[in-house]
Amino acid sequence: MTATPTAPPPQAAAPTVRIRDLRIDAATGTLVHGIDLDIAPGERVGLIGESGSGKSISSYALLGLLDEQLSARGDVRIAGVDGNVLDCSDSTLSAARGRIASIVFQEPMTALNPLMRIEAQIAETMLRHRTVPDRRSARRAVLELLAQVKVPDPDRVARAFPHQLSGGQRQRVVIAMALANDPALLICDEPTTALDVTVQAQVLDIISDLVRDRDTALLFISHDLAVVSSVADRVAVMRHGHIVEHGATETVFAAPQHSYTKALLAASDLNAADGRGRLVTVDSAPDSEPGSAPGGSEERPSAGQRPVVAASPHLVLDPGEGGSPSAQVFNPAPSDTVPLIRARGLSRVYPGSRGGHRGEGVHGLRAVSFDVVEGQKLGIVGESGSGKSTLLRIVAALDKATAGGIEVGGTDLGRASRAELRRLREDVAVVFQDPMSSLDPRMKVSAIVSEPLRGVGRAEAAERTREVLAAVGLDDDALTRFPHQFSGGQRQRISIARALITRPRILIADEPVSALDVSVRAQVLNLIADLSDQYDLTLLFISHDLGVVRHVCDALLVMSSGEIVESRGTADLYAAPRHRFTADLVSATPTLKYARTTVVTGEDR
Amino acid sequence: MTGSAPPHARAEERRPAVSSESGATGRRRRSWRGGSGNLVTGGTIVVLVVLLALVSLVWTPYDPIPVNPAGRLLGMTSAHPLGTDLYGRDVVSLLMYGARISLLVGVAAVVIAMVIGVPVGVLAGMRGGWVDQVLMRATDVALAFPALLLTIVFGAVWGAGTTTAVIALGISAAPSFARVSRSGTLQIMSREYVVAARAANRGPFWIATRHVLPNIAGLVIVQSSVAFGIAVLAEAALSYLGFGTTPPTPSWGRMLQEGQSYLFDHPMLVLWPGIAIALTVLGLNLLGDGLRDRLDPRAGGAR
Amino acid sequence: MILSIGRRIGVFLLTVFVASLIIFLLLSVVPGDPAQVALGVTATPEALAAQRAAMGLDQSLLVQYLDWIGGLLAGDFGTSPVTNAPIGAELLSRLGITTVLVLCGMAVALIIAVPLGVVAAVRRKRPDGVLLSALSQVGIAVPAFLAGLLLITVFAVQLRWLPAGGWARPDEGLGSTLAHLLLPVVALGFVQAAVISRYVRSSVLDVMQEDYLRTARGKGFTAPEALVRHGLRNAAIPVLTISGVQLGHMLIGAVVVEKVFVINGLGSMLLEKAANRDMLAVQGIVMVVVTAVLLINLVVDVLYTVVDPRLREASS
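Residue numbers (the UniProt record's numbering), protein chains in the order written: chain A, 1 to 605; chain B, 1 to 303; chain C, 1 to 316.
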């Protein structure tokens, strides 16, 4: 095969898992091209790869959970299972699944049977393999397991149905289930990807602790290098169905040999920037050899170079923890400046009709006040339910506040006329999170990008569409194609082009890179940073990921439970978060361990 | 026909809106061959029936209307490949003419159902709130009137006949179109491209015509083929009961009813129209399944 | 949960009320004079006026509606102006016959459809699964009256095992009742089975894609075990819906089977009354059927909340 993996490190004892030449074929072609991997008892191995690299299906093959359409060949041995796992019948393997080897899947929201109580679902694992004598002892064991995965109230959780639990709690339940029979091997397939950062940190701790206590071998699959570096002793990097690099975590991260690993590491490190102050990107060429050196290989030069982090000079520090948060104006504009966006006591209460809490409604926003000055690049950071999306909708005039007021460019959104709203919507553009859902699959790119243009002639519209597509780095032949013909990163470029076509003053980016692969993420971030300079945009960048906003923004608002808890210059906030929640967020954000200090930031512009 | 016109009520809401998205994962892919096979088989049958009906507009082997007592109940002969009925009419000609009626009823009923149901569903889905509540309660009430019941009542009030049957069948199929359109609309409205259109200052009419309708078209087409089959079955049942197409216009259902008394001696008189009905409905259902496999993103990755 | 059931009952009553208004209005706009229908074309103007007064037709629509609905609530469906017989008694006996027919038909349908649909889903790539799926497709397309006629041809005419039609009340001998019931129930049930099995199949296919089924296999269940333990209850929800809808529609849908087997059920009564333009009777029958359909919906809704814990809180 094209890539020769470095030899697996010598193992003393018989490995828990021994994979030789595992190939997985689909009708459309080969997805995994013969991988080799050993996992020793108690060893923690990380399997890194981007979407489509074959990392997840490889792990499913170990347990016979591959989809019918896929077929696996090769030799896979698991200690305690007779013969080649790939040749075993479903009933033979089912005796091993959940007993000798367990798996935790990515999506906790759908991994549990919605009609069964948690207790029954966990107990079932033990009753199935007769590791407990009866239901009474199963119940005791369930409560003990729930305590071990640190759910707040094991008694209540045991009696609950899945929909009554949060995502983090559900994932803990799934982990409890997987560890119920003390398996020799635990496979975790992106177990924290769907979770908030702070929850992710907790769940990672739980997995690491439990695995260490029980001396369970761990196969941890993730696209997130920082996450893997925090749990794995040894990593294997997969790309296009090959293991391209393999070794001790420290070695691989500190001195990557393969160019893809190097590029991936560089792109993952959002602290790193090249000489021009831009994020390092992976060359996303489709062939398996990303030959070129990591760096801004695909970006057009930006209009103006800018420092990565620079606190806006007119930022006034907030007055600390003293006053009541609702009375406080965050990120206030200097007194001699008129802010572009001015929000005072902004609240949004959703009527608590269905599934509501005590009929009093759900607070999306609780009396927040803040300013945004023209040209500022403001990051809005918070976890799910923090109110950041509600805020976005109100600023973009997609929703109305239930109390308080907001002015954008001097227009009071609560009282704006239709004409004013139209003008305002040309000034405010939004880039959405999900490149799959933000483009109408039945429209051509030309129609998608020009949709915001109104009252503009055909020829001019076509001209501007071409112009703006060129600005985001897409060719003219994109015009007549449909969204599904583009990759995630390209789709996000189309989305950005649509946002810019009205030449807005304010760009709201709603988690624009959270659905993208690491390698593409840096490119899109660079593009947004460049374009906001080029187009003199005021940027509101919404993200759950502190690492991401850190690069693009010069000031941050941190939100939690519908309130702004802190606002500071980016560098300050990082260095010394004041609010407890910010501190949690900073410390929970996974960082690349072992990584070399990458190229310096562009102070020398 | 069991009269059972399954209005595919709430079950339909579990289906996702048809909006092809890339990235259909391997896990969600169903057999491509199956879907395509259904599509081809169903499509072929439907096209044949349509051709038969079209030809009957200009030519049938014999005039299917006048009775010919001299030549009644002839078996299969070279002059009458499928024989003649109890009035001496040529069965082939009757079947061809009957295809016309069945298709006419089916098309008209589906069009009525679509014209009522789709706007109601889209409106309910887009507006939400009390508009949605009221419209959906209304469809609940409408769904409580089974198709056959409504047709018989309409027949009692305004006189039985093809027109009455078409209107009644159309009205009773409308609620399922409304539900399907509504659930599709809800899915589409949750997509970010709709939010993007709103942020781009596009109004509800633009969103409905540019984003919602094109993206729920697949669902509506699938529902149409299902409703078409139901209407054909219902028309046959009504004609069999004497509440559908009035004599002397030939209709498959009435051919069955007339042949019933000769079941023992001339079973083919029942079988031929029976086969015609079954084949047509089968074709429509296969077509619907094939389209669903084709258009449902969960069922297959193809667009 | 109690609260949510209470709310559903409220909605049910409201819907029944709205439906009754529609039914009443629909049937009072009938062209032609019911008094004329009752007395025939030879009636004198005086006799017609007297008849109208007797039938309450000289009252306002509102009073007429209140009279009718008040009667219904008291169990009085009125007296047919055509036959001069009370409508309620006949309706009740006909409803009884149809209910037996429909419930037995539905039981047969479910007994056939559930295993058939599950197998067709699980073995969808194998020849037998494809065959089962194709059979159900054909089954849906076959009109029930054709199925009935074929059954009569084979079992009554050719083999002479069972009666070709008619109805025997249980007090005339249980064996005879069953013999008379068998063919119509099979005719009704087979076609329903085809419809429902399609839903079972597609709903099992949906469930087979669910993550929790994969979780169950990860716990150590084989694919079939996982499906039985975790899948079927989830798959039952849409099947429950369609069964409820079909059951309601069969009340009238059974009419074709009744006609084939010469059974005097509710559908046949509707046909007769509609042909005779006995609108009061039609009105009563429609009201009974619509109420029954809505009642079935209510029961299905309540069953949902029993099956699915998510719905218990959603509306309480």
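One should not assume that every hint holds.
What the hints assert, rightly or not - Straight line, CA to CA, 20 Å or less: simulated EDC-like cross-link-like pairs of lysine to aspartate or glutamate:
id : chain 1 : residue 1 : chain 2 : residue 2
1  : A       : K262      : A       : E250
2  : A       : K444      : A       : E460
3  : C       : K125      : A       : E460
4  : C       : K125      : A       : E68
5  : C       : K125      : A       : D90
6  : A       : K150      : A       : D215
7  : C       : K125      : A       : D67
Unchecked claim - Computed beta-carbon distance windows for the label pairs:
id : chain 1 : residue 1 : chain 2 : residue 2 : range
8  : A       : E463      : C       : I22       : 56 to 66 Å
9  : C       : A134      : B       : V107      : 23 to 33 Å
10 : A       : A27       : B       : V107      : 55 to 65 Å
11 : B       : R137      : C       : R160      : 24 to 34 Å
12 : C       : L178      : A       : G83       : 50 to 60 Å
13 : A       : A27       : C       : V130      : 13 to 23 Å
14 : C       : Y65       : B       : V55       : 26 to 36 Å
15 : B       : V67       : C       : R160      : 47 to 57 Å
Simulated from the structure, these hints should not be mistaken for laboratory data.
All residues carry an ideal CB built from backbone N, CA and C; glycine is no exception.
Which hints, by number, does the structure contradict?
Result: hints 3, 10, 11, 14 and 15 break, sorted rising.
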